[in-house]
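Peer 1: Below are the chains, spelled out letter by letter.
Protein chains: 2
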Amino acid sequence: MAEEHVVQEKALRRFCEQVLAKLGVPAEDARVTTDVLVLADLRGIDSHGVARLGRYVSGLKQGTMKATDQSRVIREAKATALVDGGQSLGQVVGKKGMDLAIRKARDTAVGVVAVRNSNHYGIAGYYSLMALEHDLIGVSMTNAGPLVVPTFGRTSILGTNPISLAAPAMKEKAFVLDMATSTVPRGKVEVYNRLGQPMPHGWAVDETGRSSTDPARVLNALAKRLGGGLLPLGGEGEDLGGHKGYGLALMVDVLCGVLSGAATGLQVYADEKKPDVGHFFMALDPTAFRPLDEFRRDMDRLARELKDSPRAQGQDRIYVHGEKSFARMEKFRKEGIPLDSKVVDGLKKIGTDLGIAWAA
Amino acid sequence: MAEEHVVQEKALRRFCEQVLAKLGVPAEDARVTTDVLVLADLRGIDSHGVARLGRYVSGLKQGTMKATDQSRVIREAKATALVDGGQSLGQVVGKKGMDLAIRKARDTAVGVVAVRNSNHYGIAGYYSLMALEHDLIGVSMTNAGPLVVPTFGRTSILGTNPISLAAPAMKEKAFVLDMATSTVPRGKVEVYNRLGQPMPHGWAVDETGRSSTDPARVLNALAKRLGGGLLPLGGEGEDLGGHKGYGLALMVDVLCGVLSGAATGLQVYADEKKPDVGHFFMALDPTAFRPLDEFRRDMDRLARELKDSPRAQGQDRIYVHGEKSFARMEKFRKEGIPLDSKVVDGLKKIGTDLGIAWAA
Chain A
32 MAEEHVVQEK
42 ALRRFCEQVL
52 AKLGVPAEDA
62 RVTTDVLVLA
72 DLRGIDSHGV
82 ARLGRYVSGL
92 KQGTMKATDQ
102 SRVIREAKAT
112 ALVDGGQSLG
122 QVVGKKGMDL
132 AIRKARDTAV
142 GVVAVRNSNH
152 YGIAGYYSLM
162 ALEHDLIGVS
172 MTNAGPLVVP
182 TFGRTSILGT
192 NPISLAAPAM
202 KEKAFVLDMA
212 TSTVPRGKVE
222 VYNRLGQPMP
232 HGWAVDETGR
242 SSTDPARVLN
252 ALAKRLGGGL
262 LPLGGEGEDL
272 GGHKGYGLAL
282 MVDVLCGVLS
292 GAATGLQVYA
302 DEKKPDVGHF
312 FMALDPTAFR
322 PLDEFRRDMD
332 RLARELKDSP
342 RAQGQDRIYV
352 HGEKSFARME
362 KFRKEGIPLD
372 SKVVDGLKKI
382 GTDLGIAWAA
Chain B
32 MAEEHVVQEK
42 ALRRFCEQVL
52 AKLGVPAEDA
62 RVTTDVLVLA
72 DLRGIDSHGV
82 ARLGRYVSGL
92 KQGTMKATDQ
102 SRVIREAKAT
112 ALVDGGQSLG
122 QVVGKKGMDL
132 AIRKARDTAV
142 GVVAVRNSNH
152 YGIAGYYSLM
162 ALEHDLIGVS
172 MTNAGPLVVP
182 TFGRTSILGT
192 NPISLAAPAM
202 KEKAFVLDMA
212 TSTVPRGKVE
222 VYNRLGQPMP
232 HGWAVDETGR
242 SSTDPARVLN
252 ALAKRLGGGL
262 LPLGGEGEDL
272 GGHKGYGLAL
282 MVDVLCGVLS
292 GAATGLQVYA
302 DEKKPDVGHF
312 FMALDPTAFR
322 PLDEFRRDMD
332 RLARELKDSP
342 RAQGQDRIYV
352 HGEKSFARME
362 KFRKEGIPLD
372 SKVVDGLKKI
382 GTDLGIAWAA
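Protein chains in written order, with my numbering: chain A, 32 to 391; chain B, 32 to 391.
Identical copies carry no separate label here, and so any pair may be met within one copy or between two of them.
27 Å max Cα-Cα, derived DSS-like pairs, lysine-lysine: (1) Lys365 / Lys204; (2) Lys355 / Lys204; (3) Lys305 / Lys53; (4) Lys255 / Lys338.
Please keep in mind that the hints were generated in silico from the structure rather than gathered at the bench.
Work out the full structure, taking the sequences as your base and the hints as a guide.
Peer 2: Spelled out as structure tokens, the structure:
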């Protein structure tokens, strides 16, 4: 494994904010964008953390991501809205979209906001988590560039299209589901490639469309656009439910792409100058259905029932979703965030190019 | 395989309606309940079709399912409602819940209805499909009796908790996702048991909590309450994403059980006299976001893009969800519905007991 550097959260935030500011992003938008990136690292989803800062730097430099917020509400009704992201930073647009869904949910108990013409918005969980501060249930989804092969296909058409739902609990940690609808992210195939190890079946297919254990072959086929890609949750074919993961990925594209009028399927990121990513946000007020304390108490009871149930042979713990991430956050906030040395090198280079001193 | 009988839809409907009427179910409610059961058979989900009529007969006889509709709206706001099912037939309550969500969506573009104190409502897809008649997107979920083991656990705590979403298309068939969040339904383990064949890994665990290929052992452990059960979509552990399927099943219980105040986890069906099943329904109006024709045209485009993409080696067709079921419906409506001879025997016996002549 690569060497790790530990960077303090505050210093890392300052660095990212300075980088974004240098590229013309207003202070508050730089803060939000950084917040989404750093939260990913804090929660242990390092594939979506500051390791991606370079992509945003490129996007801003090339103008495919607008430095100032160009988003606007195109259509609006009591409980719904359509936002055009104006090709602004996905995090800025995403936060605005979820804020609007939350505001609507406070009025009408439910708010649904669809977003088109946006960019990569980071972790889906950032936006669903926002709802918790208002004691609401939050839902966040996004489509993404093609990387997932439909069941019985051999070309990636859909993105890893994540689904996130967060719901408040009482003494227990909030339930935070934040999952790609593929079996694994592309990063996991890349890790196995670096290690020179075979992957498990069910992760990816090569250019023939058959499940492959050879990460180099899969990545090569993808890079050369020969075909292949990640398998949907459930793996190859229908025996282990691969058609279900494929269905979930497609559902996300319907809600994010088709509903908003954004790009869908192969069209997402097809035009490098206009990625046209689509998001879907929903906030739902539990108190429209029952008193908040009863809702939260029952969230606790269900979590405890799962966690206190007998463990499988060889296992010593059952988790509820979000729990591991909350534990990581606590640890990393105290001890600093571990970053791969290659990531640190990349960040340092960004800093050098822009004349900004590195965080540590 | 067991012998098959082909029964005409109309005769099958009449038989089921007569059975329900005989047990005190009013004509319209008998029609709705039958409609849900027969639609399952027509769509090829025979595990949830008329094969289950016996359970409803028992429930009605024992009074755990009320023959007349006792459901009522407990709380209501513009876009949301909470329904207490009053232990009525799940299909009757479910249809009422989805009808209400649809009515709300026509007013406020989105309607969310949570239901508690209901019974088994049949296929989740019945209710999401209802939205299509109104050019709406429909969502339907339900919790269910414990049968699915959480990741790293060895006792079933969650139900097979299905998720269904239907969205209208134009020339293509509507997208209809209707999936249990377990890898396979229990019925599939039973089929392998009858055939005396080993199952694939990733379907179920035995009493040790480890994936087992022995259907007899899994069913025996379940029957004797020694532990074991179905695996969530993604299989055992986290390598193939089993924690994601587990998260989806839990999400469904949060939206169906916790939100409505119904039973959750182990409590569903724990009290035989009061199953207290919970449902979640949502209807969403695409025209709040964009013109209906544009939405439907893009649904077609995405479906065609997937279906026309290159096939994996050895495969000759890529499907979009719902397509196979629509094809079966057409065929079975014309040629009759194939029923397992054991199912027919069961139905005949119900008829004999109640003095009702069999359909054929």
